[in-house]
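Position 111 of the sequence shown, counting from 1, maps to 111 under the working numbering, and the rest follow consecutively.
Please note that a few of the clues may not be correct.
Claimed, not checked - What follows is a set of in silico ranges between Cβ atoms, one per label pair, in the way DEER data are often shown: (1) R51 / T143: 26 to 36 Å; (2) M3 / D178: 16 to 26 Å; (3) I8 / D182: 34 to 44 Å; (4) G69 / K152: 27 to 37 Å; (5) V121 / A12: 36 to 46 Å; (6) V121 / T25: 21 to 31 Å; (7) K152 / K115: 34 to 44 Å; (8) G140 / D34: 15 to 25 Å; (9) I8 / Q47: 34 to 44 Å; (10) K152 / T25: 29 to 39 Å; (11) L227 / T143: 46 to 56 Å.
Unchecked claim - Derived lysine-lysine pairs resembling DSS-like cross-links, with alpha carbons at most 25 Å apart: (12) K162 / K124; (13) K127 / K9; (14) K162 / K115; (15) K152 / K162; (16) K124 / K9; (17) K280 / K255; (18) K70 / K152; (19) K152 / K255; (20) K127 / K162; (21) K9 / K162; (22) K272 / K127; (23) K280 / K224; (24) K127 / K226; (25) K162 / K226; (26) K124 / K280; (27) K255 / K272; (28) K127 / K224; (29) K272 / K152.
Honestly, the hints are just simulated from the structure, not real lab data.
This one's a predicted model, so the numbers in the text were calculated from it and none came from an experiment.
No residue lacks a Cβ here, since even glycine has one placed at the ideal position from N, Cα and C.
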Amino acid sequence: MEMQQTVIKSAAVTGIALHTGARATVRLQPAPEDTGIVFRRVDLPGQPEVRALASNVVDVQRGTTIAEGKGIVYTVEHIMSALHAFNIDNCIVEMDGMEPPIVDGSSVAYAAMVKEAGIAVQNKPAKYFTPPHPVYADGGRTTVVLLPDPDKLTIQCVTDFKNCPVNTQYYQYELNSDTYVDEIAPGRTFVDYRDLKMLLSVGLCKGGSLDAAAIIHDGAIICKDKLRFENEIVRHKILDAIGDLYLTGCRVRGKLVAVCPGHPKNVELAGKLLALRNAK
């Protein structure tokens, strides 16, 4: 029987946030059994907390935003992805701003932060959820379906971006902390050049740069360094899906089939899983 886990000690990452452009520090802190993942805004009076659950998601525009009471936290998916990959069941994620640093646009820094903090095995059994039947979220170009599998989380993902030089992209992955570091965490966030003007017009991407994202433009991918993988885009989509699924509130098991996934349908699926879990 696998047991719940938390971090051994505090570890932090500091940098510029993608959408708000503000400098922020995110810090992992140990938490008791059955706490779950809780974000704490240490910069606000009373240090309000937000539980990382699909029921607390308030926005999915180019990132997953959660809020509860007076607390709000933007773009939680990269941190949630790393915590899910390392089976961190209980953790207080302290932040001195409303959005964590984007760093290089991947979750490499957050995976390293978990490793630096260390992992402590706790005294209660870990909580898992696999659906009793296929659960899906479908809309437009996007379909995400989670099929039952009580043993592991596997993801089959395909993306389609017509301006991308490598199109379509496909990858199949089985979640594991060791392979996550090498195969999924390095995948960087990206944006279509045609979307940049719209994003800037609604106040997003204030902290964006080629240090933190790749840009798809006119049949090419523009980034600071060469692509880390030929199919880096689909790997980043898997990274996001792992993070959004963790909003189910426990370790997720199943076979995820994702066609052109994004935060809206990822979170919708997590919400359905959370509702099924709560109904047990």
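Verification of the hints:
Our hint of 26 to 36 Å for R51 and T143 holds, since their Cβ atoms are close to 28 Å apart. In this structure, M3 and D178 meet the distance hint of 16 to 26 Å, their C-beta atoms being roughly 19 Å apart. Take I8 and D182: their Cβ atoms lie about 23 Å apart, and the range 34 to 44 Å is violated. A hinted range of 27 to 37 Å for the beta carbons of G69 and K152 is consistent with their spacing of about 36 Å.
The beta-carbon spacing between V121 and A12, approximately 23 Å, falls outside the hinted interval of 36 to 46 Å. In this structure the supplied range 21 to 31 Å holds for V121 paired with T25, their Cβ-Cβ distance being about 27 Å. Our hint of 34 to 44 Å for K152 and K115 is violated, since their Cβ atoms are close to 22 Å apart. Separated by about 38 Å at the C-beta atoms, G140 and D34 break the suggested range of 15 to 25 Å.
Evaluation of the 34 to 44 Å hint for I8 and Q47 yields a failure: the beta carbon distance comes to about 22 Å. In this structure, K152 and T25 meet the distance hint of 29 to 39 Å, their C-beta atoms being roughly 34 Å apart. Between L227 and T143 the C-beta distance comes to about 26 Å, which lies outside the given range of 46 to 56 Å. Between K162 and K124 the alpha-carbon distance is near 48 Å, which puts this suggested pair outside the 25 Å criterion.
Note on K127 and K9: the hinted pairing holds, with a Cα-Cα distance of about 22 Å set against a maximum of 25 Å. The straight-line distance between the Cα atoms of K162 and K115 is roughly 37 Å, outside the 25 Å bound, and the hint therefore fails. For the proposed pair K152 and K162, the alpha carbon gap of about 33 Å is over 25 Å, so the pair is violated. Between K124 and K9 the CA atoms are separated by roughly 19 Å; this keeps the pair inside 25 Å, and the hint holds.
Our distance criterion of 25 Å between C-alpha atoms is met by K280 and K255, whose separation comes to about 20 Å. The suggested pairing of K70 with K152 is violated, with an alpha-carbon distance near 36 Å, which exceeds 25 Å. Between K152 and K255, the direct Cα distance comes to roughly 8 Å. Compliance with the 25 Å bound is thereby established for this hinted pair. For the given pair, K127 sits about 40 Å from K162 by alpha-carbon distance, which is inconsistent with the 25 Å threshold.
Our distance criterion of 25 Å between C-alpha atoms is broken by K9 and K162, whose separation comes to about 45 Å. Taking the CA atoms of K272 and K127, the gap is near 17 Å; set against the 25 Å cutoff, the hint holds. In summary, the hint linking K280 to K224 is not supported, as the alpha carbons are separated by about 48 Å, beyond the 25 Å threshold. Only pairs whose Cα atoms come within 25 Å are accepted, and K127 paired with K226 is rejected, the gap being roughly 40 Å.
Distance check on the hinted pair: K162 and K226 sit about 20 Å apart at the alpha-carbon level, within 25 Å; holds. Of the pairs offered as hints, the one joining K124 and K280 holds, with about 19 Å between alpha carbons and a cut-off of 25 Å not exceeded. Between K255 and K272, the direct Cα distance comes to roughly 15 Å. Compliance with the 25 Å bound is thereby established for this hinted pair. At roughly 40 Å between alpha-carbon atoms, K127 and K224 are farther apart than 25 Å, so this suggested pair is violated.
Taken as a hint, the K272 and K152 pair is honoured in the structure, with Cα atoms around 19 Å apart against an allowance of 25 Å.
In this structure, the earlier hints numbered 3, 5, 7, 8, 9, 11, 12, 14, 15, 18, 20, 21, 23, 24, 28 are contradicted, and the remaining ones agree with it.
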